[in-house]
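Residue numbers (my numbering), protein chains in the order written: chain A, 66 to 210; chain B, 675 to 1110.
Misleading hints may appear alongside valid ones.
[What the hints assert, rightly or not] Straight-line C-alpha distance at most 25 Å; calculated PhoX-like pairs for lysine-lysine:
#: 1; chain 1: B; residue 1: Lys807; chain 2: A; residue 2: Lys185
#: 2; chain 1: A; residue 1: Lys185; chain 2: B; residue 2: Lys735
#: 3; chain 1: A; residue 1: Lys209; chain 2: B; residue 2: Lys1041
#: 4; chain 1: B; residue 1: Lys1041; chain 2: A; residue 2: Lys70
#: 5; chain 1: B; residue 1: Lys1013; chain 2: A; residue 2: Lys106
By construction, these hints were calculated from the structure, which means they are not laboratory data.
Here's the letter readout for the chains.
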Amino acid sequence: MKNNKPSIKQTFDISAGNFSVAGSASSRIKNMLKRIGIDDKIIRRVAVATYEAEMNIAIHSHGGTLCIEIFPDVIIIVAKDKGPGIKNVALAMEEGYSTATDEIRAMGFGAGMGLPNMKKCSDEFDIQSTLGVGTRVEMKMYNKE
Amino acid sequence: MNNNYFHSVRLDKEKCKGCTNCIKRCPTEAIRVRDGKAKIMDERCIDCGECIRICPYHAKKAVTDDLKALDKYKYNIALPAPTLYGQFKGLTDINYVLSALLSLGFDDVYEVAWAADIVSAKIRSLIKDKKGKKPYISSACPAIVRLIQVRFPNLIDNIIDVQSPMEVAGLLARKEAAGKYSLDDKDIGVFFITPCAAKMTSIKNPVGMAKSYVNGAIAIPSVYGMLSSTMKKENVKKLQRSTAYGIGWANSGGESNALGVENYLAVDGIQNVIKVLDEIENNKLNDLDFFEGLACTGGCVGGPLTVENGFVAKNRIKRLVKNNEKVRLSQHQLDDVCKDIAIHYSEEILPKSIMKLDDDVAKAIEKMNLIDKIYDDLPGLDCGSCGSPSCKTLAEDIVRGYASEMDCIFKLREKVKGLAQQMIELYNKIPTGKER
Ligand SMILES: Nc1ncnc2c1ncn2[C@@H]1O[C@H](COP(=O)(O)OP(=O)(O)OP(=O)(O)O)[C@@H](O)[C@H]1O
Ligand code: SF4
Ligand SMILES: [Mg+2]
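From just these sequences and the hints, can you work out the full model?
Next up, the structure:
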């Protein structure tokens, strides 16, 4: 699928627990996609997916990166963090499953819908997690031309 | 650039000093300084009036009509914005203001606040019937509607497709006058008394309809003096139809209050509204029923074409709300008013993808890369001396062909330095046969 078509890649650092700037990476990604002229419906899916990915890193991990690579026909998003990893990935993927604390819930997160929605927004979705190492989520959205 | 689009917000070239105040403040990055003067990009401007408020030299103005426009029609009707009521100290009875409008030469008045009562009832019934997409977004502020067209096209379907109170007032006023005096529609002049530049623009370029029911807009400051001096007890007629709810629309949250929906969010100030729209786009506020976003601080009381300080006006509106009758239109009354008027939009709201770098995605990606490359080379000070609001926008302007790298004073200095060095080198190479 890799081809000679032009692409653009950007990586954003997401630090743990930093809610005041969390959401800014997905905001910037959105502005970039609008300039590139990606279809509005796909922008919305990417926006939701990157926002949830960014929040998961900020809330549940020790920090990580959100990387987006845009080709004319496909958008690839990779969210990677430095741990702690997810014990039971299948469970984490279930709608409504969340380990968020009351504090986090008070801030409007912790519905347990992030991962399921990320999957719903992507054409291809892959999650790998190793306890003590970290979590890697890869999503692809195809840009039908 | 599209020159057919009428904008109320304009530049007074004489007064413009070419400073960076407005370019930095504009929420859609629609202003550049070129050749020492600000230039508004038509296709990006949403007429929010931020630049009017920030310009220290009053070089930004809103084009509106004056009272001479009334001469064109046989029968003229004033449509006072609810905000007008907040402009007068100690006002307890709005009939004073309505009667004073008649003495300015209007034959009749039709309150936008009353139309707001009607629109509130309509929206309330839509929300109750769950028609449309949640969260419903208010269509009251034309600057926000245009902002959504330009920056949040994904949210267009969430905009409530009901005409604004101004348009409903225009429509009903025309109908009433035509019926009462058997007038020809073309002989009726309907003028909005406006705190708002964006409303003026929306009269000329209506959204969701082919033609506005309103003929023009007269800025509050241009009638304020005359109104204050003619407000007298002996002239007062009972003209008020509006309720406390309709009057309350002048303040941020007033519309939400009038709807009586529980799960709403009312936000004012355009930068705040942008933040919330961003969250709605991320599906973060899906449980919300209604979002009221107003471009001006405090709502329309903070409009660019007002006389009184917005915070003072807000308090006065609050007091009027407290002292006026709080009754909502019944479904029956609503059906009766709406039975032969088109209260819904007749035309679709279309996205305006003006941010796009190229129609071809592959080319746009290349341009995006080029922007990043140019940006990496710029100093990153966002000083604005180049006439673009930030280094990033300059990079974008260069790629779009609106600017050149030498517009950056630091780049220019580097270049001059390089040239000077080359000249010294050249000088040193001059054949030694000559005396130095
Ligand atoms: N990057 C991560 N590192 C460690 N654990 C994670 C990570 N992402 C998700 N999890 C775990 O998976 C659970 C489910 O995640 P999901 O995003 O679906 O819901 P949530 O974040 O708890 O709530 P919401 O996303 O609705 O605000 C989380 O509660 C957390 O226990
Ligand atoms: S808040 Fe009111 S005055 Fe301000 S732009 Fe919107 S409609 Fe106009
Ligand atoms: Mg989550």
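Structure-based check of each hint:
1. B:Lys807 x A:Lys185: holds, 19 Å
2. A:Lys185 x B:Lys735: Distance of about 48 Å is beyond 25 Å: violated.
3. A:Lys209 x B:Lys1041: Measuring from Cα to Cα gives roughly 21 Å; hence the hint holds.
4. B:Lys1041 x A:Lys70: Holds, at about 13 Å.
5. B:Lys1013 x A:Lys106: The hint is violated at about 36 Å.
In the structure shown, a violation is registered for the earlier hints numbered 2, 5, in ascending order.
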